[in-house]
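Student: Now for the letters of each chain:
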Amino acid sequence: MRIIKSKVLILLLLVSAFSVQAQPINYQEQSPQFYVGLNPMALTKFFGNSGSLWNGLGFASGAESGLALYAGWKFMQAQSLEARISSGPANLLVWETQFQMGYIWYPCEQFLQWKGGPSLGVMIRNTAFYNTLNKSWTFNHVPELIAGWRFPGKYLDIDLRTGINISSFTWSTIAHSKPAFNWISLPYGCTFSLGMAFVF
Amino acid sequence: MKRIFTLFFLILIATFSGCIDPNTVLETQNQLWLAGMDFDDSVASIRLGTAAVCLQLDPDDPAVNRNKMINMIDLIASEHPDIRLIVFGEASLGYYYRPTNPQSYQQSLSESIPGPTSTALSAKAIEYDIYISFGLTESSGDLYNSQVLINPDGSIASTHRKNFLTDWDIENGFSSGSGVTFNTIDGIKTATIICYDSMSEKILREIAQEKPQLILLPLADLVDEDFVNYDPVSFMSHAWVIVANRFGTEDGSHYDGHHWISTPTGSYRVKATGKEGYVFTEVGICEL
Numbered sequence: 001m002r003i004i005k006s007k008v009l010i011l012l013l014l015v016s017a018f019s020v021q022a023q024p025i026n027y028q029e030q031s032p033q034f035y036v037g038l039n040p041m042a043l044t045k046f047f048g049n050s051g052s053l054w055n056g057l058g059f060a061s062g063a064e065s066g067l068a069l070y071a072g073w074k075f076m077q078a079q080s081l082e083a084r085i086s087s088g089p090a091n092l093l094v095w096e097t098q099f100q101m102g103y104i105w106y107p108c109e110q111f112l113q114w115k116g117g118p119s120l121g122v123m124i125r126n127t128a129f130y131n132t133l134n135k136s137w138t139f140n141h142v143p144e145l146i147a148g149w150r151f152p153g154k155y156l157d158i159d160l161r162t163g164i165n166i167s168s169f170t171w172s173t174i175a176h177s178k179p180a181f182n183w184i185s186l187p188y189g190c191t192f193s194l195g196m197a198f199v200f
Numbered sequence: 001m002k003r004i005f006t007l008f009f010l011i012l013i014a015t016f017s018g019c020i021d022p023n024t025v026l027e028t029q030n031q032l033w034l035a036g037m038d039f040d041d042s043v044a045s046i047r048l049g050t051a052a053v054c055l056q057l058d059p060d061d062p063a064v065n066r067n068k069m070i071n072m073i074d075l076i077a078s079e080h081p082d083i084r085l086i087v088f089g090e091a092s093l094g095y096y097y098r099p100t101n102p103q104s105y106q107q108s109l110s111e112s113i114p115g116p117t118s119t120a121l122s123a124k125a126i127e128y129d130i131y132i133s134f135g136l137t138e139s140s141g142d143l144y145n146s147q148v149l150i151n152p153d154g155s156i157a158s159t160h161r162k163n164f165l166t167d168w169d170i171e172n173g174f175s176s177g178s179g180v181t182f183n184t185i186d187g188i189k190t191a192t193i194i195c196y197d198s199m200s201e202k203i204l205r206e207i208a209q210e211k212p213q214l215i216l217l218p219l220a221d222l223v224d225e226d227f228v229n230y231d232p233v234s235f236m237s238h239a240w241v242i243v244a245n246r247f248g249t250e251d252g253s254h255y256d257g258h259h260w261i262s263t264p265t266g267s268y269r270v271k272a273t274g275k276e277g278y279v280f281t282e283v284g285i286c287e288l
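Taken in order, these protein sequences are the chains called L and C. Last residue of the first sequence: number 200 in our numbering, and the count goes up by one each step with no gaps. Last residue of the second sequence: number 288 in our numbering, and the count goes up by one each step with no gaps.
A couple of the hints might just be wrong.
To be verified - Listed below are the simulated EDC-like cross-link pairs for lysine to aspartate or glutamate, each with C-alpha atoms no more than 16 Å apart in a straight line:
#: 1; chain 1: L; residue 1: K178; chain 2: C; residue 2: D41
#: 2; chain 1: L; residue 1: K178; chain 2: C; residue 2: D40
#: 3; chain 1: L; residue 1: K178; chain 2: C; residue 2: D38
#: 4; chain 1: C; residue 1: K189; chain 2: C; residue 2: E250
#: 5; chain 1: L; residue 1: K135; chain 2: C; residue 2: E250
#: 6; chain 1: C; residue 1: K275; chain 2: C; residue 2: E250
#: 7; chain 1: C; residue 1: K271; chain 2: C; residue 2: E282
#: 8; chain 1: L; residue 1: K135; chain 2: C; residue 2: E282
No wet-lab data here; the hints were simulated from the structure.
Given only the sequences and the hints, what does the whole structure look like? Please build it.
Tutor: Below is the structure:
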């Protein structure tokens, strides 16, 4: 129906990411405590259907729409808590606001004293869809497993991540609706995202 | 190297920008993850027995397909005496698209309204005291992809002409209709749209303004996205939706025969796929 293959977009993003001149290095200094970042691909949703195609209908923007910001607190070496918030048009008729919280672990920081490198984690997505036609709200809660790579840079860290979204719990203000749960089929639950984070 | 990638990226943008109508409503990935929420119609004030039909169609003879519709009406009425509305799929007098001379082919199938098929089905509507909605290629000067609604007294209630045409519709020589068609069926405000109309921002806004409680949505749709757990049209419009379709292989295009009736919350109340047949349910209209 509506999902467009985004293999070319994935390839493009991967190549762009690897063109960043930053590699994991042996890391002797104390880790940064905080980071604040942006998901640039989510901004393409402000460009209507063309924008939706650029980000593969959400596949290449980590299923985030509009202005998508994230912030993290590295509370221990190699471990951080992260929060993400985004808001923007899901499509021509629906506005989407999303809040996520989760935990990220950098195993190579933990065991090899790298800076950045591979990341593993879990997030909970909480999405509110506003139907501008009928003025109704629908809420969706989705757990996500993520794996990625943080490329540390001089001023910016680049986060590439892939996620598997596992299940949905949905409820709504639509009259006479009942909350529902279902599993999300692979590969349709997979996402890809690019983040650019300032660390301090 | 950097310039090559930049150029490649710009070419991709330019290429993809022209691919889709800017007025098409697309569902994005996390919308497609929504779980289908059940609709509690236990307190419904009006109930209507409805059926959505899926037929495998003969390419050469509209009379064969007309008889198939008649036989299906007889079957549904015998199995469900409380039936009140039967919906057949889009362009049900033959193949939806033939690559060789598509416009000539559709011309050969076309009928006026009233015409042989509407007259035959009107008799059935009178016999069983039911509403019947069916699709055909209409000839009225121009060719239209039309859906006719017949009243229980045999009269033509309305003819909806498809607005939002696909590439195949254009190759078939169809002209575009204008607006959504609204009727009242047993006190239930009903809208008729056809297939790709359901992805038009303009059509969906018109539906939202009029707030029908029931939408008739005949399709000629190839494959069901069975990973989607709800029906986006009924979910967006908060109305029951009756989706009728076709089954079989038509000049290399395979229709998997998905057809369903979905609730105002988007959940599938009844759904079938994989063969000819029909699904039946009572739609329950609740005060919102």
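Student: Hints the structure violates: just list their numbers, smallest first.
Tutor: 4, 5, 8
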